[in-house]
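If you read the sequences in order, they're chains X and S.
Residue 31 is where the first sequence starts when you use my numbering, and the numbers rise one by one after that.
Residue -18 is where the second sequence starts when you use my numbering, and the numbers rise one by one after that.
Since the hints were derived computationally from the structure, they do not count as laboratory data.
Using N, Cα and C, we set each Cβ at its ideal position, and we do this for glycine too.
There's no promise every hint is true.
[Said to hold, decoys possible] One side of the interface only, derived from the structure: several residues of chain X facing chain S at Cβ under 10 angstroms: (1) Pro62; (2) Thr69; (3) Ala74; (4) Leu99.
[Said to hold, decoys possible] Chain S is nowhere near these chain X residues, computed Cβ spacing over 10 angstroms in every case: (5) Pro39; (6) Leu47; (7) Tyr64; (8) Glu101; (9) Pro122; (10) Arg124.
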Amino acid sequence: VTGDDGPVPHRYSVGDLVRVRDDRPGGNPRTPGYVRGRTGTVVALHGRIPNPLDHRGRYPPLCTVRFALEELTGRPSRDFVTADLHEDWLEPARSAS
Amino acid sequence: VSTAAGPGPHAVNPEPRLRAVAADLEYFRAKRLEPRVLHLVRRGVISLNDLIHAGRKTAADRTGHAAPATVEQRLRVLEDRLDAFVAGIAAVTVATRSGDVVVEDIRRERGDYDPFLKIAKRTYSGSVGERMSQLERGLADSEELLDAFTRALLDTGEITASQLGQRRRELRDQGHRNGARLVARAWVDPGFKRRLLETGREAARELDIPPGRLGKLGVAENTDDEHNIVVCTLCSCYPHDLLGDPPWWYRTDEYKHRIIEDPRAMLAEMFGLEVPPARSITVRDSTSDVRWMVLPRRPEGSEAMTEDQLADLVTPESLVGAAEPRTPQDPA
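Make the full structure from the sequences, and use the hints.
Set out below in structure tokens:
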């Protein structure tokens, strides 16, 4: 496989508030519908993940983003959902409300 | 075409994967399947005519493989079929009614010690498209032989359907045993636990477990404050190359949907797992890039148990967070 999966800088850091974009940048569909347009917190950085069995080419760096369940469902809850999202789906966000 | 974001249509070099498929197919055909068939034929356990009769029946059941469009898709289908082929050979590699086959006999049979007995390997040449077509045909031929061989063993009563089912289950659970061993080691060795949480797959090598190649392994640690549960809402991603198959319900739409809607109610109703209000729940939505497993809490009262005994407490359900591990009072 191509050996060009070197380290790439992340645009975001752990603790950043991010909003998931609503459109489909770059055609990578691997972002669940229920987090689109929602705001969460970056909790882990994974860099660029080589995944030749799944990817057509090189994908942007990946972050684990944690969402309050309340933000996703609108119902009171103290539980969370995390999703692993490529940075091209994320934009900086201010405080959630 | 977007330039700022996304990978774009970036062709991956198919050569290494194509070579790997050809090498694996020929290895398993010429070293595992066909020597075993010959071994049983030579000893009269089954006959070539048994194979022909069985082949007539299995041919009627065969469904054709629709040829996918792109090189990438064709490669994937080839790889998936090859995995199933290899698993199918392992499933029929069992003792027959007429006796067990000693590995050493198979080594002799396949010419490890005498080139005269070696089964010729097929060669694949030409363009990527031509080799892919040759591999598709070659694999279909080998699948047909495996089907006929399996059917002949069943029809002659050399193996039973329940034996075959049992063997398939065992092979599937071997993967889950890998996960159980990782968890047990993490319970007894804090340094290993740290490496498992930080490096994922790489840590598996310490237990002589092949780390696999399907993206990154995410390990979510259950604590007294947090319970983790794994799902893949987009498809059914799971580190199955490392941990075997997930529980059957993992693939159901009901699970995928409800676990996001209301994980607390879902855990209680579907799995009888009541998570105390003070303990938060985190649902880990997997993708093919990061495939999650849960590191459960070590059960109370397990202090005196050995690592092997601890591994017996870890169930496939506890590896996805749908259950706590078994307790020492209620082992397997």
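A quick look at each hint next to the structure:
1. Pro62: With a minimum Cβ separation of about 5 angstroms from chain S (threshold 10 angstroms), the hint on Pro62 of chain X holds.
2. Thr69: Interface hint status for Thr69 of chain X: violated (16 angstroms vs cutoff 10 angstroms).
3. Ala74: OK, holds: Ala74 of chain X within 10 angstroms of chain S, min 8 angstroms.
4. Leu99: holds, 7 angstroms
5. Pro39: Holds, since 15 angstroms exceeds 10 angstroms.
6. Leu47: holds, 18 angstroms
7. Tyr64: At roughly 6 angstroms from the nearest Cβ of chain S, Tyr64 of chain X sits no farther out than 10 angstroms, so the non-interface label is violated.
8. Glu101: holds, 12 angstroms
9. Pro122: holds, 15 angstroms
10. Arg124: holds, 22 angstroms
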